[in-house]
Amino acid sequence: MTTGIGARVKRREDKRFITGKGKYTDDVRTENQAYAAFVRSPVAHANVKSIDKSAALEMDGVIDVLDGHQLTGDGIGNIICGWAVTSKDGSPMNMGAWSALATQKVRYVGDAVAVVIAETQQLARLAAEAVDVEYEELPVVAFADKALKDGAPQIHEEAPGNLIYDWEIGDAAKADAGLAEAVHVTEMEITNNRLSPNPMEPRSAVATYDEAEDHYTLYTTSQNPHVARLVLSAFYNVAPEHKLRVIAPDVGGGFGAKIYIYPEEITCLWASMKTNRSVKWTADRSEAFVTDAHGRDHISTAKMGFDADGRITGFKVDTIANLGAYMSLFSSSVPTYLYATLLSGQYDIQNLHANVRAVYTNTVPVDAYRGAGRPEACYLVERMMETAARELGMKPAELRAKNFIREFPHETPVIMTYDSGDFDANLAQAEEAADVNGFPARREEAAKRGKLRGLGYSCYIEACGIAPSAAVGGLGAGVGLWESAEVRVNPVGTIEILTGSHSHGQGHETTFAQIVAERFDQPIENISIVHGDTDKVQFGMGTYGSRSGAVGMSAIVKAMDKVEAKVRKIAAHQLEASEDDIVIEGGEVKVAGTDKALGWHEIGLAAYTAHNLPPDMEPGLKESAFYDPSNFTFPAGTYICEVEVDPDTGTTEIVQFTASDDFGTIINPMIVEGQVHGGIAQGVGQAMLEQVIYDEDGQLITGSYMDYTMPRAADLPNFSVHHASTVCPGNPLGMKGCGEAGAIGSPPAVINAITDAIGNNDLAMPATPQNVWRAYQAASAKQAAE
Amino acid sequence: MTKVSLTVNGKPVARDVAGGTLLSEFLREDLRLTGTHIGCDTSQCGACVVHVNGKAVKACTTLAASLEGADVTTIEGLANGGLHPMQEAFKEHHGLQCGFCTPGMIMSGVDMVTRYKAEGRELTQEAIRHELEGNICRCTGYHNIVKAVEDAASKM
Ligand code: FES
Ligand code: FES
Chain R
1 MTTGIGARVK RREDKRFITG KGKYTDDVRT ENQAYAAFVR SPVAHANVKS IDKSAALEMD
61 GVIDVLDGHQ LTGDGIGNII CGWAVTSKDG SPMNMGAWSA LATQKVRYVG DAVAVVIAET
121 QQLARLAAEA VDVEYEELPV VAFADKALKD GAPQIHEEAP GNLIYDWEIG DAAKADAGLA
181 EAVHVTEMEI TNNRLSPNPM EPRSAVATYD EAEDHYTLYT TSQNPHVARL VLSAFYNVAP
241 EHKLRVIAPD VGGGFGAKIY IYPEEITCLW ASMKTNRSVK WTADRSEAFV TDAHGRDHIS
301 TAKMGFDADG RITGFKVDTI ANLGAYMSLF SSSVPTYLYA TLLSGQYDIQ NLHANVRAVY
361 TNTVPVDAYR GAGRPEACYL VERMMETAAR ELGMKPAELR AKNFIREFPH ETPVIMTYDS
421 GDFDANLAQA EEAADVNGFP ARREEAAKRG KLRGLGYSCY IEACGIAPSA AVGGLGAGVG
481 LWESAEVRVN PVGTIEILTG SHSHGQGHET TFAQIVAERF DQPIENISIV HGDTDKVQFG
541 MGTYGSRSGA VGMSAIVKAM DKVEAKVRKI AAHQLEASED DIVIEGGEVK VAGTDKALGW
601 HEIGLAAYTA HNLPPDMEPG LKESAFYDPS NFTFPAGTYI CEVEVDPDTG TTEIVQFTAS
661 DDFGTIINPM IVEGQVHGGI AQGVGQAMLE QVIYDEDGQL ITGSYMDYTM PRAADLPNFS
721 VHHASTVCPG NPLGMKGCGE AGAIGSPPAV INAITDAIGN NDLAMPATPQ NVWRAYQAAS
781 AKQAAE
Chain E
1 MTKVSLTVNG KPVARDVAGG TLLSEFLRED LRLTGTHIGC DTSQCGACVV HVNGKAVKAC
61 TTLAASLEGA DVTTIEGLAN GGLHPMQEAF KEHHGLQCGF CTPGMIMSGV DMVTRYKAEG
121 RELTQEAIRH ELEGNICRCT GYHNIVKAVE DAASKM
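These protein sequences, in sequence, are chains R and E. Counting from 1, one number per residue, gives the positions in the first sequence under our numbering. Counting from 1, one number per residue, gives the positions in the second sequence under our numbering.
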């Protein structure tokens, strides 16, 4: 079948996007539309002494100016982090209070203190400038390591010394013993640079309060509208769930930044009730830089020991994670359960220990960004492996292969149970596709042109579809991580799939339909996918952590199982056959081996007319399912990057980037390749271009596209993308997930390639021409001295 | 307020606009042509690219009042019924994911192909990447966008 599993079906959602008919939140305009603009702190840390609204309130077109005292006075709750991480001494994490509009204190540049509601967006912004806030400035700490120093400015009363938690995983004594017996120890200090996710569509919210019904509607740029409704209702007391509808229409990219429920959405909903107007807010890019949760920002030291044979004897990691000024929704889980649990990489490491301290700083809150913790783990492990190989005089691939896990299931010392994989296969496929054997000749040729050519590997493993719910609950998660689906077969036989997953670029309207087309052998045109509206879809946990395939599609499969069971019963009854003999084939429901058959639409009609159903069967043909996975899934693969560095300028060109991924079953290779391309581009962005920079005063230096370097077309090569898959045993379709792998696997491959080219392992991300040039100069000077 | 008369997607339009109104706002808010997107505030991302008198411009840095008599084409008006070869190519080559940058990418793509053809220059992959300097996409990694533009060039 050309539209089933494995087919490169062109996307069904494309037409509206290529013709300008997509409907994003900022495209929504309601009848009594008013506009919100936020008054934001220009300083990183201060007491709010007073807020003078009088000048703003006098301006034409200003409807109201609202502040945090009014907000908290109306019972709107503080913003919380939904994952409770416990410190190694057993104490709970130290979470400071976070009000959607600050009342007493501001803690980062951009912290909102008031909101102006006006007739137009321009007026609202002008009036926001006229709100006079008196700040009493306090000392600032913008960097994680400094925040932990004695005498550092105290950011939250609840977190003495700015320490949120001091957490560990693995066995420290065993790791120490392993390192003690090593014949070689590789030691590195590794920083994972702070990034801004930058989906191209800025965040936006349109909130409408209906006084007559006492009901709220929120259009918002969300990856998970049901989670937004749950949190807005249960924790922030904006409205009870049955009085709140959340719609996430077309969403222009997420990458994690659109998981969380931010102050702006809360405030717009509340302000809509206060002013009895529909309130709209859309960030401009500068506002996005100071309000969208940032990602990464780790400082680590690591030691990895090897025996004479190159086998890893022990691995110890100490990490400081910057969580910014407030704890965002999933922030606590990122540097712990999504990071340290992946530090075993693809390797059989028996003695492993990681310690993580999470700290407050006067910066934008930090949370999950594409990969969330796993890129930090992968970068650390893969830079260690490559560096160790160089120190040991071994080939990087050989050192890795010596330590590969080859038997599954494999339990790591950091609580993961890898279920499947064939790391040798991915390595071999990537090496062949990258023509690693031809590299020495290419290096020589480049040298003749005065260029330094380098090759870098990354053998990544990650974990997707966080689950099962009971297990993550045991680790502190405040939500379950299942997914739901409803399959409706209409009387005419067309099919609607309602899913709790959310598509913001992933192509669910195509891939989800493919699995249904295959299962019921129906034309894909007769299948539609419904998502993104809490009034339509029963419930759902949304899309992040590459979970839509392994978890979201599994829920659809489970609901289809139920539909199929009913279809068989109806057909068996009407065709007077045994249920076991019924097959779905060629768009019909048949008795195997006979010419007795019913059209698919006839089954639909029979179910709804209910004229001739088996005794006791309920009419209708619609089933729902909730699917809770039994384990994470473990996508893995090998990435190989080849670069050329100009030694005079430090300019680096990626001449070849090769990926071999194991994503398990692939539904639509075209879409999967697109996910890998986009992920690698973000990974290359992290490795070579992107960095959020704060100065000592907590001022954001990189607050626009003039200063924050987004990867552009000319920065990137074509990608050579391949698959060598093993089936995931944990879910019915055998899927592992593909959304984040590119961003996880690529940064170490790039940096390993550049460090290979310049002959210096000491190179930090982003590898800008200046950083590369300096590192090369340092290496050359050292060589000359020797 | 200035009165401005222009043609948008082939239709005459006359409106009073404030002096500071950007073309992007004018299209999105006054004409409700929301296919033109706003992705930045520093004229860097290209989500807002439209054609004015046949040339690509960033609508976020063009004043509506300056367009007296101009002929403006937005993504909504690019094809006269059906799809433009550039639109077809983006779909065919999976040149879009979230779709937010797409209208600007397509309008820039059409512009560069037209220019290169007029100048008799070959639009290589390298040239396409270079020409996309002013358009940012966060989703696709550009690989498939480049393929789409290259393919459309052969069909335009
Ligand atoms: S919105 Fe015009 S360039 Fe970004
Ligand atoms: S497709 Fe999402 S930004 Fe380009």
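FYI, nobody ran anything at the bench for these hints, they're computed from the structure. All values reported here derive from a predicted model rather than from experimental measurement. All C-beta atoms, glycine included, are put in the ideal place defined by N, C-alpha and C. Hints are not guaranteed to be accurate.
Calculated cross-link-like contacts (lysine-lysine; reagent style DSS-like; alpha-carbon spacing at most 27 Å) [said to hold, decoys possible]: (1) K23(R) to K395(R); (2) K23(R) to K243(R); (3) K395(R) to K451(R); (4) K395(R) to K10(R); (5) K10(R) to K55(E); (6) K243(R) to K303(R); (7) K21(R) to K147(E); (8) K91(E) to K15(R); (9) K274(R) to K53(R); (10) K536(R) to K243(R); (11) K3(E) to K15(R); (12) K174(R) to K147(E); (13) K55(E) to K15(R); (14) K562(R) to K536(R); (15) K303(R) to K174(R); (16) K274(R) to K149(R); (17) K55(E) to K566(R); (18) K448(R) to K395(R); (19) K15(R) to K155(E); (20) K21(R) to K53(R); (21) K10(R) to K147(E); (22) K11(E) to K10(R); (23) K451(R) to K536(R); (24) K15(R) to K88(R); (25) K622(R) to K566(R); (26) K11(E) to K15(R); (27) K11(E) to K23(R); (28) K55(E) to K155(E); (29) K11(E) to K590(R); (30) K590(R) to K622(R); (31) K569(R) to K622(R); (32) K303(R) to K451(R); (33) K91(E) to K147(E); (34) K117(E) to K23(R); (35) K91(E) to K303(R); (36) K146(R) to K174(R).
Short derived list, chain R residues pointing at chain E, Cβ under 8 Å [to be verified]: (37) I5; (38) N198; (39) E211; (40) R712.
query = Which earlier hints turn out false for this structure, listed by number in ascending order?
reply = Of the numbered hints, 1, 4, 5, 6, 11, 12, 16, 17, 20, 22, 23, 24, 29, 32, 34, 35, 36, 37 and 39 do not hold.
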